[in-house]
Amino acid sequence: MTTYTLENDQCRATINAHGAELSSFIRKDLDNLEYIWEADPAVWGRHAPVLFPIVGRLPNDTYTYQGQQYRLTQHGFARDQEFTLIRQTPAELVLELRANDATRALFPFEFSLLISYRLAGPMLTIGWEVMNVGTGELLFGIGAHPAFRCPLQPDETFEDYDFMFDHPVTFERYLLEGGLLSGQTEPVLQDETTLPLRYELFEQDALVLKHFDFTHVTLRSRRSGRGVRVRFDGFPYLGLWTKGPGAQFVCIEPWQGIASSVSDSSELTDKEGMLTLQPGQEFATSYSITLE
Numbered sequence: 000m001t002t003y004t005l006e007n008d009q010c011r012a013t014i015n016a017h018g019a020e021l022s023s024f025i026r027k028d029l030d031n032l033e034y035i036w037e038a039d040p041a042v043w044g045r046h047a048p049v050l051f052p053i054v055g056r057l058p059n060d061t062y063t064y065q066g067q068q069y070r071l072t073q074h075g076f077a078r079d080q081e082f083t084l085i086r087q088t089p090a091e092l093v094l095e096l097r098a099n100d101a102t103r104a105l106f107p108f109e110f111s112l113l114i115s116y117r118l119a120g121p122m123l124t125i126g127w128e129v130m131n132v133g134t135g136e137l138l139f140g141i142g143a144h145p146a147f148r149c150p151l152q153p154d155e156t157f158e159d160y161d162f163m164f165d166h167p168v169t170f171e172r173y174l175l176e177g178g179l180l181s182g183q184t185e186p187v188l189q190d191e192t193t194l195p196l197r198y199e200l201f202e203q204d205a206l207v208l209k210h211f212d213f214t215h216v217t218l219r220s221r222r223s224g225r226g227v228r229v230r231f232d233g234f235p236y237l238g239l240w241t242k243g244p245g246a247q248f249v250c251i252e253p254w255q256g257i258a259s260s261v262s263d264s265s266e267l268t269d270k271e272g273m274l275t276l277q278p279g280q281e282f283a284t285s286y287s288i289t290l291e
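Just so we're aligned, residue 0 is where the sequence shown starts under numbering that gives the first Met the number 0, counting upward by one.
Among the clues, some could well be false.
Here are the computed lysine to any residue pairs in the SDA-like style, where the Cα-Cα straight-line distance is at most 20 angstroms [to be verified]:
#: 1; residue 1: 242; residue 2: 201
#: 2; residue 1: 242; residue 2: 39
#: 3; residue 1: 242; residue 2: 155
#: 4; residue 1: 209; residue 2: 109
#: 5; residue 1: 242; residue 2: 89
#: 6; residue 1: 242; residue 2: 78
#: 7; residue 1: 209; residue 2: 269
#: 8; residue 1: 27; residue 2: 223
#: 9; residue 1: 242; residue 2: 41
#: 10; residue 1: 209; residue 2: 163
#: 11; residue 1: 242; residue 2: 168
#: 12; residue 1: 242; residue 2: 157
#: 13; residue 1: 27; residue 2: 224
#: 14; residue 1: 27; residue 2: 153
#: 15; residue 1: 209; residue 2: 235
#: 16; residue 1: 242; residue 2: 187
#: 17; residue 1: 27; residue 2: 72
Calculated from the structure, these hints are not laboratory results.
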């Protein structure tokens with residue numbers, strides 16, 4: 000597997016060409032602590048997949064576009080494609096995926112997807128640039144799925160950690176049924192700054208958030224004070240997830256897109272959160288991960 004490394008005095012990040020996936024992010028200047036989940040296939044075999052061209056699941060894993068039906072499984076295909084190196088320096092990496100015969104069979108659009116990684120001190124900024132290189136419209140969603148080791152230290156537990164916010168927040172979760180939005184919601188926080196981790200939070204799958212008023216979440220240990228901050232200005236959706244009781248990781252997932260509803264039609268143009276680009280247009284955004 001081809002990998003690339005970005006490194007400075009404080010941190011080292013490793014990215015796989017397969018899926019343009021961040022596979023390691025280490026804080027060198029403290030104790031060489033690894034923050035990214037090891038992708039144990041017996042639990043969950045991924046580190047931080049890029050979700051494209053959809054986020055979440057479609058009803059029956061199928062959709063219809065211009066009268067044709069296509070099959071596309073949860074979170075799309077980019078995470079399983081080989082990306083091409085465009086540029087690399089000690090502090091920056093840019094990888095590209097372009098439409099090909101394999102993607103066209105699942106997704107009949109012409110696109111260029113650029114994934115960039117930029118390392119500055121303890122902060123890694125991940126950029127996405129989607130370009131419509133075809134002659135028709137391009138519909139897509141894109142999302143992040145980084146999994147952080149939790150606990151980070153061998154003498155800690157999952158329940159020693161909190162999700163922390165910089166101001167009191169109020170939000171509800173949008174419940175999932177078989178990976179699809181059920182149409183039901185459930186309160187999570189009411190004017191609070193801290194959400195203590197416990198596996199029971201994820202008994203009904205991920206915490207799916209919309210309409211929130213915060214731009215970052217910090218995962219931090221109450222015992223060691225160590226943690227990670229994920230910043231996602233301008234993202235309309237967020238997922239918080241772990242695999243289940245005993246899983247030693249938790250995901251903080253900024254999304255530009257969201258799972259379909261159980262009541263949705265199969266038409267791709269009706270799917271919530273889909274972005275549209277006309278020929279020659281591009282979409283760009285980014286989020287960041289800072290190690291504490």
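Status of the hints after comparison with the structure:
Simply put, residue 242 and residue 201 have alpha-carbon atoms about 8 angstroms apart, close enough for the 20 angstroms limit, and the pair holds. Restraint check: the Cα-Cα separation between residue 242 and residue 39 comes to about 12 angstroms, which is no more than 20 angstroms; the hinted pair holds. Proximity of residue 242 to residue 155 is assessed by CA-CA distance (about 18 angstroms); at most 20 angstroms being required, the pair is judged to hold. Restraint check for residue 209 and residue 109: the C-alpha separation of about 29 angstroms exceeds 20 angstroms, so the hint is violated.
Distance hint between residue 242 and residue 89 is unfulfilled; the C-alpha atoms sit about 34 angstroms from each other, more than 20 angstroms. As the CA atoms of residue 242 and residue 78 are separated by approximately 18 angstroms, the hinted pair is consistent with the 20 angstroms bound. Using a Cα cut-off of 20 angstroms, the hinted pair residue 209 and residue 269 holds, with the two alpha carbons roughly 18 angstroms apart. For the suggested pair residue 27 and residue 223, the alpha carbons sit about 17 angstroms apart, so the restraint of at most 20 angstroms is met.
For the proposed pair residue 242 and residue 41, the alpha carbon gap of about 11 angstroms is at most 20 angstroms, so the pair holds. A C-alpha spacing of about 17 angstroms is found between residue 209 and residue 163, which places the hinted pair at or below 20 angstroms, so the restraint holds. Simply put, residue 242 and residue 168 have alpha-carbon atoms about 25 angstroms apart, too far for the 20 angstroms limit, and the pair is violated. Taking the CA atoms of residue 242 and residue 157, the gap is near 12 angstroms; set against the 20 angstroms cutoff, the hint holds.
Taken as a hint, the residue 27 and residue 224 pair is honoured in the structure, with Cα atoms around 17 angstroms apart against an allowance of 20 angstroms. With a C-alpha separation of about 18 angstroms, the suggested pairing of residue 27 with residue 153 holds against the 20 angstroms cut-off. Under the criterion of a C-alpha separation no larger than 20 angstroms, the hint pairing residue 209 with residue 235 is consistent with the structure, at around 6 angstroms. Taken as a hint, the residue 242 and residue 187 pair is honoured in the structure, with Cα atoms around 19 angstroms apart against an allowance of 20 angstroms.
For the given pair, residue 27 sits about 37 angstroms from residue 72 by alpha-carbon distance, which is inconsistent with the 20 angstroms threshold.
Consistency note: the structure conflicts with the earlier hints numbered 4, 5, 11, 17.
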